[in-house]
Amino acid sequence: MNSLTELYQQVILDHNRKPRNFRVMEAADKVATGDNPLCGDKIDVYVKLNGDVIEDVSFQGSGCAISQSSASLMTTSVIGKTVGEALELFSDFHDMVTSELGSPINKEKLGKLRAFGGVREFPSRVKCANLSWHTLRAALESDSDLVTTE
Amino acid sequence: MSKTDTGAALKTGQELNIDAVRSDFPILSETVRGKPLVYLDNAATSQKPRQVIDALSRFYEAENSNIHRGVYYLSERATAAYEKARGSVQRFINAPRTEEIVFVRSTTEAINLVASSYGRSAMGAGDEILVTAMEHHSNIVPWQLIAEQVGAKLQVIPMDQTGTLIQEEYERLLGPRTKLVALVHVSNSLGTVNPVKAMTTLAREMGITVLVDGAQAAAHIPIDVQDLGCDFYAASGHKMFGPTGIGILYGRSKLLEKMPPYQGGGEMIRSVSFSGTSYADPPAKFEAGTPHIAGAVALGAAIEYLESLPWDSVLKHEEALLRYAEELLGNIDGLRIVGRPKHRAAAISFVLVGVHAHDIGTIVDQDGIAIRTGHHCTQPVMEFFGVPATGRASFALYNTIQEVDLLAEALHRVRKVFGL
Numbered sequence: 001m002n003s004l005t006e007l008y009q010q011v012i013l014d015h016n017r018k019p020r021n022f023r024v025m026e027a028a029d030k031v032a033t034g035d036n037p038l039c040g041d042k043i044d045v046y047v048k049l050n051g052d053v054i055e056d057v058s059f060q061g062s063g064c065a066i067s068q069s070s071a072s073l074m075t076t077s078v079i080g081k082t083v084g085e086a087l088e089l090f091s092d093f094h095d096m097v098t099s100e101l102g103s104p105i106n107k108e109k110l111g112k113l114r115a116f117g118g119v120r121e122f123p124s125r126v127k128c129a130n131l132s133w134h135t136l137r138a139a140l141e142s143d144s145d146l147v148t149t150e
Numbered sequence: 001m002s003k004t005d006t007g008a009a010l011k012t013g014q015e016l017n018i019d020a021v022r023s024d025f026p027i028l029s030e031t032v033r034g035k036p037l038v039y040l041d042n043a044a045t046s047q048k049p050r051q052v053i054d055a056l057s058r059f060y061e062a063e064n065s066n067i068h069r070g071v072y073y074l075s076e077r078a079t080a081a082y083e084k085a086r087g088s089v090q091r092f093i094n095a096p097r098t099e100e101i102v103f104v105r106s107t108t109e110a111i112n113l114v115a116s117s118y119g120r121s122a123m124g125a126g127d128e129i130l131v132t133a134m135e136h137h138s139n140i141v142p143w144q145l146i147a148e149q150v151g152a153k154l155q156v157i158p159m160d161q162t163g164t165l166i167q168e169e170y171e172r173l174l175g176p177r178t179k180l181v182a183l184v185h186v187s188n189s190l191g192t193v194n195p196v197k198a199m200t201t202l203a204r205e206m207g208i209t210v211l212v213d214g215a216q217a218a219a220h221i222p223i224d225v226q227d228l229g230c231d232f233y234a235a236s237g238h239k240m241f242g243p244t245g246i247g248i249l250y251g252r253s254k255l256l257e258k259m260p261p262y263q264g265g266g267e268m269i270r271s272v273s274f275s276g277t278s279y280a281d282p283p284a285k286f287e288a289g290t291p292h293i294a295g296a297v298a299l300g301a302a303i304e305y306l307e308s309l310p311w312d313s314v315l316k317h318e319e320a321l322l323r324y325a326e327e328l329l330g331n332i333d334g335l336r337i338v339g340r341p342k343h344r345a346a347a348i349s350f351v352l353v354g355v356h357a358h359d360i361g362t363i364v365d366q367d368g369i370a371i372r373t374g375h376h377c378t379q380p381v382m383e384f385f386g387v388p389a390t391g392r393a394s395f396a397l398y399n400t401i402q403e404v405d406l407l408a409e410a411l412h413r414v415r416k417v418f419g420l
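So the sequence lines, in the order shown, correspond to chains A and B. First residue of the first sequence: 1, per the working numbering; consecutive thereafter. First residue of the second sequence: 1, per the working numbering; consecutive thereafter.
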């Protein structure tokens, strides 16, 4: 059960049960929808910007514990960051969940997102962890496009 | 090892020896993450017995050559093996004639062939195609494509909350504009066995063509296309212990003869010139290009394997697995079985309150248990039952009661991991 407890850490289960910033944002500046057509996970990400700073982020959708908690923790991680910082954080997150087993994880940069370190042992679940981030990036980089991580 | 017994109808009157059957399937002695493999994803693809694996390698080692065109010994042998397999398929589904068996890649290709060829030549604006609410995407999308091209309309036969088709609605939908009914024999996501014979009879009384998607039926239910009365029957080799990449289409001769080719190429012609081409008779007309010869031959071996088993005992065993699984899974807190058809084969879908199907799949995999999670290529079914995805355990004749116990234990563990 070791890799399982590593994957389903308490913080992940907690965010899955009680997702933070789980709401439609009426006054959003940017919106994007992302989905995994093969598994049916779907998510809408809403962003409110103040200049270059992400003032607020929220999401709505349905999916597995990994995709839901990843979306929830993403929102709590990027609020207050600049667009550039958020995209950099995605890059670090992406590197972590696709890294080789046993390779070091940049703990300082990733903070609570380290909880998703266990995902790299489950290649079929990487797309679940990345879905919300891909969707956030789509929202930030364009007006509103459907995103897919398949 | 089970003996093969060619030419015989499905055997009855003996007990199925599960241990012997399991020893025919080499993969069943593999371990996964240090645990014995518990393979419960047979609706996606079945495992292969030694007899099929041997037939594949024997073909490539001793018989490989192209068919129908060589005059040399090897080509004659390969042609004979390929055509013998066609005969095995004919016998297995009790088709009247071998020419009514077309080798294709898969059930999907069989349906696309009919939709494209029959659809283009026999359907027009205002015609209606009836499909059921529980079809696999592969028995929906080809019809949508052809409907769009010819201006026909897709109509859906609804089901109730048990996952059973509503026959009164079916009768109401059958009408003068109905051109074709496309119907799944056994639902891949719900396990429902549909009353194909009765439904076919109703349609044929009105002169309506019927196609049956038998992908999930072929390994679980004896098939008799003459008794069912359907015009087309499609199945996949790999779901009935044969190789991937080979499938079968049965088509009534009268229809196949009138239908235009599906693909053009070698094999399917009588003569070719730049001023015009005439086509071969069925089934060659529908087998353009070099087919999956080894696959067809190995599918023949799979059929011989199936014919060697005592089928009344197989059916009893599979029924017992399903009933036991329904009972055991149904007793797990928070678990809901999706679809409760009276007549079920092969598969059970379920959801667990508070846990998404993908998380279930990942967790039980840690115990070596392979189940399918997701929408099973039946998104309209998921929508109907209001679930984003389900877990699905699907059985084959080599599965055991102990494996159902292991699945139930693993599902209890899922709840524990999620703190439920």
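Keep in mind that the hints are not guaranteed to be accurate.
What the hints assert, rightly or not - Computed cross-link-like contacts, BS3-like style, restricted to lysine-lysine with a CA-CA straight-line distance of at most 30 Å: (1) 18(A) - 112(A); (2) 107(A) - 42(A); (3) 416(B) - 127(A); (4) 35(B) - 127(A); (5) 18(A) - 48(A); (6) 197(B) - 316(B); (7) 112(A) - 127(A); (8) 112(A) - 48(A); (9) 416(B) - 107(A); (10) 42(A) - 416(B); (11) 48(A) - 127(A); (12) 112(A) - 179(B); (13) 127(A) - 109(A); (14) 258(B) - 342(B); (15) 258(B) - 153(B); (16) 179(B) - 18(A); (17) 179(B) - 258(B); (18) 197(B) - 35(B).
As the list claims (entries may be wrong) - Chain A residues, not near chain B, derived (Cβ > 12 Å throughout): (19) 20; (20) 40; (21) 48.
Honestly, the hints are just simulated from the structure, not real lab data. Quantities reported herein were computed from a predicted structural model and do not represent experimental measurements. In this text, a Cβ means the ideal position worked out from N, Cα and C, and glycines have one as well.
To see whether the hints hold, each was checked on the structure:
With a CA separation close to 16 Å, the supplied pair residue 18(A) and residue 112(A) stays within the 30 Å bound. Only pairs whose Cα atoms come within 30 Å are accepted, and residue 107(A) paired with residue 42(A) is accepted, the gap being roughly 29 Å. In summary, the hint linking residue 416(B) to residue 127(A) is supported, as the alpha carbons are separated by about 25 Å, within the 30 Å threshold. With a C-alpha separation of about 26 Å, the suggested pair residue 35(B) and residue 127(A) falls inside the 30 Å cut-off, and the hint holds.
Under the criterion of a C-alpha separation no larger than 30 Å, the hint pairing residue 18(A) with residue 48(A) is consistent with the structure, at around 22 Å. In summary, the hint linking residue 197(B) to residue 316(B) is supported, as the alpha carbons are separated by about 22 Å, within the 30 Å threshold. A C-alpha spacing of about 19 Å is found between residue 112(A) and residue 127(A), which places the hinted pair at or below 30 Å, so the restraint holds. With a C-alpha separation of about 22 Å, the suggested pair residue 112(A) and residue 48(A) falls inside the 30 Å cut-off, and the hint holds.
A hinted pair counts as satisfied when its Cα atoms are at most 30 Å apart, and residue 416(B) with residue 107(A) qualifies at roughly 29 Å. A threshold of 30 Å between alpha carbons decides the hint, and for residue 42(A) with residue 416(B) the separation of about 26 Å falls inside it, so the pair holds. Between residue 48(A) and residue 127(A), the direct Cα distance comes to roughly 25 Å. Compliance with the 30 Å bound is thereby established for this hinted pair. Pair hint residue 112(A) plus residue 179(B) does not hold up; C-alpha atoms about 59 Å apart against a cutoff of 30 Å.
As the CA atoms of residue 127(A) and residue 109(A) are separated by approximately 21 Å, the hinted pair is consistent with the 30 Å bound. Distance restraint check for residue 258(B) and residue 342(B): the Cα-Cα separation of roughly 39 Å exceeds the 30 Å cut-off, and the hinted pair is therefore not satisfied. The hinted pair formed by residue 258(B) and residue 153(B) meets the criterion: a straight-line CA distance of about 23 Å does not exceed 30 Å. Under the criterion of a C-alpha separation no larger than 30 Å, the hint pairing residue 179(B) with residue 18(A) is inconsistent with the structure, at around 51 Å.
At roughly 16 Å between alpha-carbon atoms, residue 179(B) and residue 258(B) fall within 30 Å of each other, so this suggested pair holds. For the given pair, residue 197(B) sits about 43 Å from residue 35(B) by alpha-carbon distance, which is inconsistent with the 30 Å threshold. The non-interface label for residue 20(A) is consistent with chain B: the shortest C-beta to C-beta separation is roughly 18 Å, beyond 12 Å. For residue 40(A), the requirement that its beta carbon stay farther than 12 Å from each beta carbon of chain B is not met, with the minimum near 5 Å.
The claim that residue 48(A) is not at the interface with chain B holds, since no C-beta of that chain comes within 12 Å of its own (minimum 28 Å).
Going down the numbered hints, you'll see the structure goes against 12, 14, 16, 18, 20, while the others check out.
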